[in-house]
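Undergrad: Could you put the whole structure together from the sequences, leaning on the hints where they help?
Protein chains in written order, with the numbering used here: chain A, 173 to 370; chain B, 173 to 370.
Since the hints were made in silico from the structure, they are not lab data. Please note: incorrect hints may appear among the correct ones.
[Claimed, not checked] Stretch by stretch, here's where chain B covers chain A in the computed footprint (C-beta under 8 Å, at least three residues):
| no. | stretch |
| --- | --- |
| 1 | 173-181 |
| 2 | 184-194 |
| 3 | 203-212 |
| 4 | 220-229 |
| 5 | 232-238 |
Beta carbons: idealized from backbone N, C-alpha and C, even for Gly.
Number of protein chains: 2
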Amino acid sequence: MFSDRFDQLVQALRILPSVGPKSAQRMALHLIMKNKEGAVGLAHALNEATSYIHECSICHSLTEDEVCNICVSHERDDQILCLVESPADVMAIEQSGSFRGKYHVLGGHLSPLDGIGPDEIGIPYLLQRLSGGNVKEVILATNATVEGQATAHYIVEAAKHLPVQMTRIAQGVPQGGELEYVDSHTLSQAVHNRMRMK
Amino acid sequence: MFSDRFDQLVQALRILPSVGPKSAQRMALHLIMKNKEGAVGLAHALNEATSYIHECSICHSLTEDEVCNICVSHERDDQILCLVESPADVMAIEQSGSFRGKYHVLGGHLSPLDGIGPDEIGIPYLLQRLSGGNVKEVILATNATVEGQATAHYIVEAAKHLPVQMTRIAQGVPQGGELEYVDSHTLSQAVHNRMRMK
Ligand SMILES: [Zn+2]
Ligand SMILES: [Zn+2]
Chain A
173 MFSDRFDQLV
183 QALRILPSVG
193 PKSAQRMALH
203 LIMKNKEGAV
213 GLAHALNEAT
223 SYIHECSICH
233 SLTEDEVCNI
243 CVSHERDDQI
253 LCLVESPADV
263 MAIEQSGSFR
273 GKYHVLGGHL
283 SPLDGIGPDE
293 IGIPYLLQRL
303 SGGNVKEVIL
313 ATNATVEGQA
323 TAHYIVEAAK
333 HLPVQMTRIA
343 QGVPQGGELE
353 YVDSHTLSQA
363 VHNRMRMK
Chain B
173 MFSDRFDQLV
183 QALRILPSVG
193 PKSAQRMALH
203 LIMKNKEGAV
213 GLAHALNEAT
223 SYIHECSICH
233 SLTEDEVCNI
243 CVSHERDDQI
253 LCLVESPADV
263 MAIEQSGSFR
273 GKYHVLGGHL
283 SPLDGIGPDE
293 IGIPYLLQRL
303 SGGNVKEVIL
313 ATNATVEGQA
323 TAHYIVEAAK
333 HLPVQMTRIA
343 QGVPQGGELE
353 YVDSHTLSQA
363 VHNRMRMK
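TA: So this is what it looks like as C-alpha cells:
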C-alpha cells in the first residue's frame, strides 16, 4: 500500500497464528504510527529468541541452556515423568500448578499416514530413558484426540516389559462444564469413568 | 516460562494491538517451534519498516521517499483533496477504490481537552496548501465521531474565505445494514439525509 517495506511488514506479520490480512495491516500501521520503539524491541526479541532457544537435551522441552530448568531442578521429583506431545503442553501443565515431577516431550504424536512412526517421535529414546530404573511412573498426558490416545496406547505396549507404572490423565466433563453443552463423546466417557464418592 | 528470552519475546509480542497474554504465548511458541525462519524475516521487516517509512512531506501519509506515490502520481486529480485523520483512513479509502484524487492527512482530530488544537493537526499548513489555488474541492472524510465532525466543521469555518468547495462524506445506513441492528443515531441521520429517487 504505502511502500514496499510496508507491504513486506504486512506479509511478515501474516506468519503469526490467527492473524489475517486485515489484522496484519492494522498491526503494521499501529507499529509504524504509534510504537516504532516497540517494533524495534520486538525485532530484537525475535532475533534473540530464535538464536538462543532450542530443545532441552534431556526432556526435549525448550531452553537456552544444554538442559532446561525443570530437568536441572533438584526440587522436582525425577521418579515421575509427565509425557506430553509438545512444549505448549508443558507450559499448560506448569501453569496449572498441578505437577512437580519432570517432563518428556515427544514433539508430536503417531500419525502413520503422515509418515510419523515411533522413531519420528523418539520412542526408542523414551524407552532408553525409562530403562534407567529411576522413573517409577509415567503420566501419559498426550492430547485427548484420536492420535493422542493411540500414541498413549502404543507407549503402554512398547514399555510393558519395564517396571514402570503408566497412568493416563483423566478425561471427563471440564470444570464449570454445563452438561447440556458438553459433547456426547465426552459425556459418555465421563459416565464410563465415574468415580466413587461414598 | 522456558527461559528469559522466551518471556521477553512474549512481552514484546504484547505491543501488537489486540494480543493478550495467552495469544502472545501461543505466538511465541508457534514462532520458536514451527517457523524460526519466518520469525527472523519478521524481525528484518520490522527493522526495515521502522527505519525507512516516514511521513510524506506533502500529504503526511506514509512513504519511504520524500513524497508518497499518490502525491507524485500524474494519474490522479490534484484538484480534489480527500482530507482524513490518519494513514489508516487513506488505506481504507484506497482499498474501496472510490477516489482518484489526492490526500491530506491531519494526523488526528481536534481534542481541546487533550491539548490538541488547530496547530497540532496542522491546520495552518492545510490552509496554506489550499491557498495555492489548485485545489477546487476538499472532501472532508474525518471520522463520523463527535471529534471528527467537530474537526470537519472547524475546517469549513477556517477555510471559508478560500474559493474551495467543501463536501462531507455521506453518513447513513451501511451497505447490507439491517435496520433493526443499526443504532438510532445513524438511523435518524439516514432519514434526515434521505435522497430523492424519483
Ligand atoms: Zn528438560
Ligand atoms: Zn503524499
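Undergrad: Quick check: the stretch 173-181 of chain A, covered by chain B? Criterion 3+ residues, Cβ under 8 Å.
TA: holds (count 8)
Undergrad: Taking 8 Å as the C-beta cutoff, is the stated coverage of the stretch 203-212 of chain A by chain B satisfied by three or more residues?
TA: holds (count 8)
Undergrad: Examine the stretch 220-229 of chain A: at least three residues should have C-beta closer than 8 Å to a C-beta of chain B.
TA: holds (count 5)
Undergrad: Using a Cβ cutoff of 8 Å, are there at least 3 residues of the stretch 232-238 of chain A near chain B, or does the coverage claim fail?
TA: holds (count 5)
Undergrad: Per the coverage rule (Cβ-Cβ under 8 Å, at least three residues), is the stretch 184-194 of chain A covered by chain B?
TA: holds (count 6)
The earlier numbered hints are all upheld by this structure, with none contradicted.
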